[in-house]
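Protein chains: 2
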Amino acid sequence: MTDSSDVLITEVGPRDGLQNEAAPVSSAAKVAFVEALVRAGVRQIEVTSFVHPSRVPAMADAEAVYAGVRREPGVRYLALTPNERGYERATAAGCDAVAVFTAASEDFTRANIGMSIDESLERFRAISREAQRDGVAVRGYVSTVFACPFAGPIAPEAVLRVVEPMLEGGCYEVSLGDTIGIGTPADVSRLLDLLLTRVPADKLALHLHDTWGMAAANTLRGLDHGIRSFDSSAGGLGGCPYAPGATGNAATEDLVHMLHALGHDTGLDVEAVALAADAIAGSLDHALVGRAHQAILARRRRLARAQGAA
Amino acid sequence: MTDSSDVLITEVGPRDGLQNEAAPVSSAAKVAFVEALVRAGVRQIEVTSFVHPSRVPAMADAEAVYAGVRREPGVRYLALTPNERGYERATAAGCDAVAVFTAASEDFTRANIGMSIDESLERFRAISREAQRDGVAVRGYVSTVFACPFAGPIAPEAVLRVVEPMLEGGCYEVSLGDTIGIGTPADVSRLLDLLLTRVPADKLALHLHDTWGMAAANTLRGLDHGIRSFDSSAGGLGGCPYAPGATGNAATEDLVHMLHALGHDTGLDVEAVALAADAIAGSLDHALVGRAHQAILARRRRLARAQGAA
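Chains F and W supply the protein sequences, listed in that same order. Take the first sequence: its letter number 227 is residue 227 in this note's numbering, and every next letter is one higher. Take the second sequence: its letter number 9 is residue 9 in this note's numbering, and every next letter is one higher.
Do not rely on the hints blindly, as some may be mistaken.
[To be verified] Listed below are several chain W residues computed to face chain F (Cβ distance under 8 Å; list not exhaustive):
#1 Thr184
#2 Ala186
#3 Ala216
#4 Asp254
#5 Ala304
#6 Gly308
[Stated by the list, open to error] One-sided excerpt, in silico: chain W residues whose CB lies under 7 Å from chain F:
#7 Ala158
#8 Leu160
#9 Gly213
#10 Ala272
Hints were generated in silico from the structure; no laboratory data involved. Only a predicted model underlies this, so the values are computations on that prediction, with no experimental measurement involved. Quick reminder that beta carbons are idealized off the backbone N, C-alpha and C, glycines included.
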């Protein structure tokens, strides 16, 4: 974060956003996307995922992308590492910050990574031990914190049961993912009311989706509870391939528009974020659906027309 | 509202939603839309606008639509009446609830209705006197409560200056419109902090747009301040023809999804609202963009496929 920033935006567009795209995006375009987002002020960013290429073909160029990015000081370039093999690939590519994940739902963990929650925590501890040895920072992700596409509603206690071991195991922060985007401000309050009795607010992030239009409202409720770290995706890129019907990460432009109006500082230039997303949209087979993203680009077109007419 | 309802949703899809549509929508389809929304539980609804047909061609069939709707007890069927001529047309068509409007911005009022705010308030008083004589209920609308597409930010004092005379002049409720959808929860708080020192919360409604993704977050902040009346549009239909770049009313499904989760009762069946919007979408030349609307329809398709496969 810049000196005056009080809210950290973790940009997930290049990984969570692009991993489900049907159209192939070149490694060069991905690298340019990451670098443009960092120029826009992003200080924590998911660059890619060292997952098996057969699992997520769009991330098969993880080495090329991670190594291709010109690194700036003060920026954390995260790579998702689903297992020890992924961790080895990531560190071999020069990565010094990895993201590991599990879920609050047994059914989702089984469907997503083929193991139980306890087994996934064991795997996390193995990666975490290596990371501590290597001086690599570890960020934890917990999926399905409000509801699971298979098991339905998830109790806050089930989330706490995985958040605590992840923090004890060395994660500097745990991001709470509303994987299917169905959570509401009521769910945010219910979850945080429990977690914050056991975990400091500055160890938690919210990873929200806009599937049901709740991304900004849930962010607002998170802010009300003292959360100051939010994951979002430029232009609203992305979804989750293993969660049926999950579309639409919280859009970075929406959140930054709101955060700045509320007097928070993210260090981001929202217009530059929208332009970075617009550039990567040229590689996709569909338009980006972020609300503020669309509004910013429409305003730019109007201004350009007005200047052309003057 | 039904006995247990504590939040009133005013459905604006048939008027505010459809008035900008390029594709002609038949009067029969509009009537069916209104009736389907009422069957979904809507208790206050904008049916049409008695505006001059040259101004808003999509509303040229106001008489046919208003007279065509089978009226149900306990439902307020509003018609927008921009002037005394519109009021006469509306009451001749059997209308017993009209909506009158002005704005908090001189520039917007001048551009939208060709007069000053004071002149628009005079016109309102003339209609209001007739309405009181006729036993017709009057709802007030104030546009551009946060910002004006021409003049920029609007001070809360400018809103209070029109809200008070509208309530004194007999409006049972005044709806505060974020015409260009750029307002944030900070703006909602700032405005309500002032208005609620002078006006009871139950005399105010919020008419929000989702242009910048803030509809649900702004609704949440309105709820936090005690507001219990919100305007929204099924499927997120609509915008404003006189406000450049203004697209996307708050979607009814988004708000109802959130309100019910927060423990409020709207009396609405959100699935039935989505189906009503889906039916009218068949008359349009584009898909509806409401987030929860899309999520509900996607879920229905998944369930139908699953049942087909079983």
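Right, here's what the structure says about each hint:
1. Thr184: Holds, because the Cβ-Cβ distance from Thr184/W to chain F comes to roughly 4 Å (cut-off 8 Å).
2. Ala186: 5 Å, holds
3. Ala216: Holds. Min distance 4 Å.
4. Asp254: Result: holds, 4 Å to nearest chain F Cβ.
5. Ala304: 13 Å, violated
6. Gly308: 15 Å, violated
7. Ala158: Status violated, d = 19 Å.
8. Leu160: Cβ of Leu160/W sits 21 Å from chain F, so the hint is violated.
9. Gly213: 3 Å, holds
10. Ala272: 17 Å, violated
The structure fails hints 5, 6, 7, 8 and 10 (numbered hints given earlier, in ascending order).
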